[in-house]
Amino acid sequence: MSILETRNLTAFYGDFQALYGIDFRLEEGETVAVIGSNGAGKSTFLRTLTGLNAAASDSVVLAGQPIGGLPAHRIVGLGLALVPEGRRLFPSLTVEENLLVGAYSGRKGPWSLERLYKLFPILAERRHNPGTALSGGQQQMVAIGRALMSNPQVLLCDELSLGLAPIVIRDIYAALPGIKAEGCSVVVVEQDVSQAMNVADRLYCFQEGRVSLEGRPDDLTREQISLAYFGV
Amino acid sequence: MNTAVIQRATRASRIGAIVGVLLVLAAISMPWWAERSSQRLAAEFLYTLALAQMWNLLAGYGGLLSVGQQAFIGLGGYSLVLFGLQAGINPFLIVPLAGLITGLIAVPTAAIVFRLRGAYFAVGTWVVAEVFRLLIANTTSLGGGSGTSITSTVIGIPAWWRESLTLWMALALGAGATLAVYLLLRSRHGLALTAVRDSEPAAESLGISVKRIKWFVYIASAVGCGMAGALIFITKLRIAPEAAFSIDWTATMFFVVVIGGIGTIEGPIVGTLVFFILRELLSDYGTWYMIILGSVAVAFMLWIPRGIWGLVGGRFDMHFFPVQRRLKLPEPQSNNKEE
Numbered sequence: 002m003s004i005l006e007t008r009n010l011t012a013f014y015g016d017f018q019a020l021y022g023i024d025f026r027l028e029e030g031e032t033v034a035v036i037g038s039n040g041a042g043k044s045t046f047l048r049t050l051t052g053l054n055a056a057a058s059d060s061v062v063l064a065g066q067p068i069g070g071l072p073a074h075r076i077v078g079l080g081l082a083l084v085p086e087g088r089r090l091f092p093s094l095t096v097e098e099n100l101l102v103g104a105y106s107g108r109k110g111p112w113s114l115e116r117l118y119k120l121f122p123i124l125a126e127r128r129h130n131p132g133t134a135l136s137g138g139q140q141q142m143v144a145i146g147r148a149l150m151s152n153p154q155v156l157l158c159d160e161l162s163l164g165l166a167p168i169v170i171r172d173i174y175a176a177l178p179g180i181k182a183e184g185c186s187v188v189v190v191e192q193d194v195s196q197a198m199n200v201a202d203r204l205y206c207f208q209e210g211r212v213s214l215e216g217r218p219d220d221l222t223r224e225q226i227s228l229a230y231f232g233v
Numbered sequence: 075m076n077t078a079v080i081q082r083a084t085r086a087s088r089i090g091a092i093v094g095v096l097l098v099l100a101a102i103s104m105p106w107w108a109e110r111s112s113q114r115l116a117a118e119f120l121y122t123l124a125l126a127q128m129w130n131l132l133a134g135y136g137g138l139l140s141v142g143q144q145a146f147i148g149l150g151g152y153s154l155v156l157f158g159l160q161a162g163i164n165p166f167l168i169v170p171l172a173g174l175i176t177g178l179i180a181v182p183t184a185a186i187v188f189r190l191r192g193a194y195f196a197v198g199t200w201v202v203a204e205v206f207r208l209l210i211a212n213t214t215s216l217g218g219g220s221g222t223s224i225t226s227t228v229i230g231i232p233a234w235w236r237e238s239l240t241l242w243m244a245l246a247l248g249a250g251a252t253l254a255v256y257l258l259l260r261s262r263h264g265l266a267l268t269a270v271r272d273s274e275p276a277a278e279s280l281g282i283s284v285k286r287i288k289w290f291v292y293i294a295s296a297v298g299c300g301m302a303g304a305l306i307f308i309t310k311l312r313i314a315p316e317a318a319f320s321i322d323w324t325a326t327m328f329f330v331v332v333i334g335g336i337g338t339i340e341g342p343i344v345g346t347l348v349f350f351i352l353r354e355l356l357s358d359y360g361t362w363y364m365i366i367l368g369s370v371a372v373a374f375m376l377w378i379p380r381g382i383w384g385l386v387g388g389r390f391d392m393h394f395f396p397v398q399r400r401l402k403l404p405e406p407q408s409n410n411k412e413e
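Chains as they are written, first to last, in my numbering: chain A, 2 to 233; chain B, 75 to 413.
Everything labelled a hint here was simulated from the structure, so no lab data went into it. Do not take every clue at face value.
[As the list claims (entries may be wrong)] Estimated spans, in silico, between C-beta atoms of each pair:
| id | chain 1 | residue 1 | chain 2 | residue 2 | range |
| --- | --- | --- | --- | --- | --- |
| 1 | B | Val386 | A | Pro67 | 24 to 34 Å |
| 2 | B | Gly388 | A | Gln225 | 35 to 45 Å |
| 3 | A | Gly70 | B | Arg312 | 46 to 56 Å |
| 4 | A | Ala55 | B | Thr309 | 47 to 57 Å |
All values derive from a computational prediction rather than experimental measurement. Ideal Cβ positions, reconstructed from N, Cα and C, are used throughout, including at glycine.
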């Protein structure tokens, strides 16, 4: 059974239509990448899944339950967590407090501060520092940890690699298997196609608000991807 | 087995707790050893502290920059006219009742002002306060524009009891507001409150209902201001719309919180102290008093935006009311060293 599914999902900003009938599914335990150029609708897709944009009730289904159009704070409680683009840590909170805010929804599950500090040991060392005093990579770890503290069934990651050095990106992505081992399915939205191809079981390419390509990274050729990505 | 524990007490917080308890005991016993004028000053200090804590909760933690809190002070004060003067209820019982009333009035008020954001919200809250002032000024049964004396509500209460009850209630409000904000911030909701102040979209996407938090803070602060308002006018014995709904109330809260340190619990305490000291020092200078007070506030906003406590508490990492959570992890065992 799909853990997350969208059926004919649309999204609008006023009169402007940003998504046109997206059909998407994420199987349990799977990592799916969503790639596409700037303005292809990737971030809108995540915003709509998490309730920050309006959606028809049955157009988003999480573990068999329609969640489209629910307020964002309710969706988190049902097990869908977002690592936002640009990390968005709370500047007046310490690393540890940032993580604790993630547990606000009170959902039970495997993740705790101790479990997270095992996944990202550096955060245990820096736990009393203000979140924003950390390096970009460490901040990204806090953002991931904060989302995990809500014990999600599905973790949505928006542009994890944005603004980070390649070696740091590798470290961040190295945490994914540990996250999946706790029974969490993952959606990564990436502009960095090669990174996405490395981690994903399947990928979707978006172009101008539509799915232009879907498949397993091994089955797709460079030409197919480049056509779906750039449209030329 | 070693387990991690969340630790929040600090040495400063233990000292703070002891000093706090001693101060509270001293204030409770004041009627037996202090002069009446010092008692009144103490009461005024305490209700100003309560008002400042409420404004700090609203603006410093909730991010709701209201300049219309005088609406609730005025409505609290006018509860005395309605329930004391007209219904004959004991004025000291009206204080909690006024909190209930202003809390209820805050619900429809919030529904209106929450449609506005930022500077518009600030102006909106002021307009709401003015609307309440005009409504009451035009209601003759409540005294109209020239106000009314409420002395008859306290007739029959012996002077000693009146002064003592005023002080004790002011203490309950001042210390109670401080303690309530402290406990709120130490709770799960306190973190959520701070998160909302930092970034609303990020907080919302972590499962925090931003709306619910703002409603809560706004209503809680209205309840505090309403109770303080009723108590203030018990001490003044005369109420008029101009005085009850004066923007000076919010200006005072603003001044106290800004110079003390916005977004800290210690800030309003320090700020109230500084405010009272400045007022004593400058009492002979008439209008200059207001000019200097205003200049001090502007200077703080420009050069010390975190206020006195932000400067001192941050410099020495001192927290009398620690709200941070510090996880104490078990020490790694020596034979677990990496090879």
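We went through each hint and held it up to the structure:
| no. | hint | in the structure |
| --- | --- | --- |
| 1 | B:Val386 <-> A:Pro67: 24 to 34 Å | 54 Å, violated |
| 2 | B:Gly388 <-> A:Gln225: 35 to 45 Å | 56 Å, violated |
| 3 | A:Gly70 <-> B:Arg312: 46 to 56 Å | 55 Å, holds |
| 4 | A:Ala55 <-> B:Thr309: 47 to 57 Å | 53 Å, holds |
Checked against the numbered hints listed earlier, the structure breaks hints 1 and 2; every other hint is satisfied.
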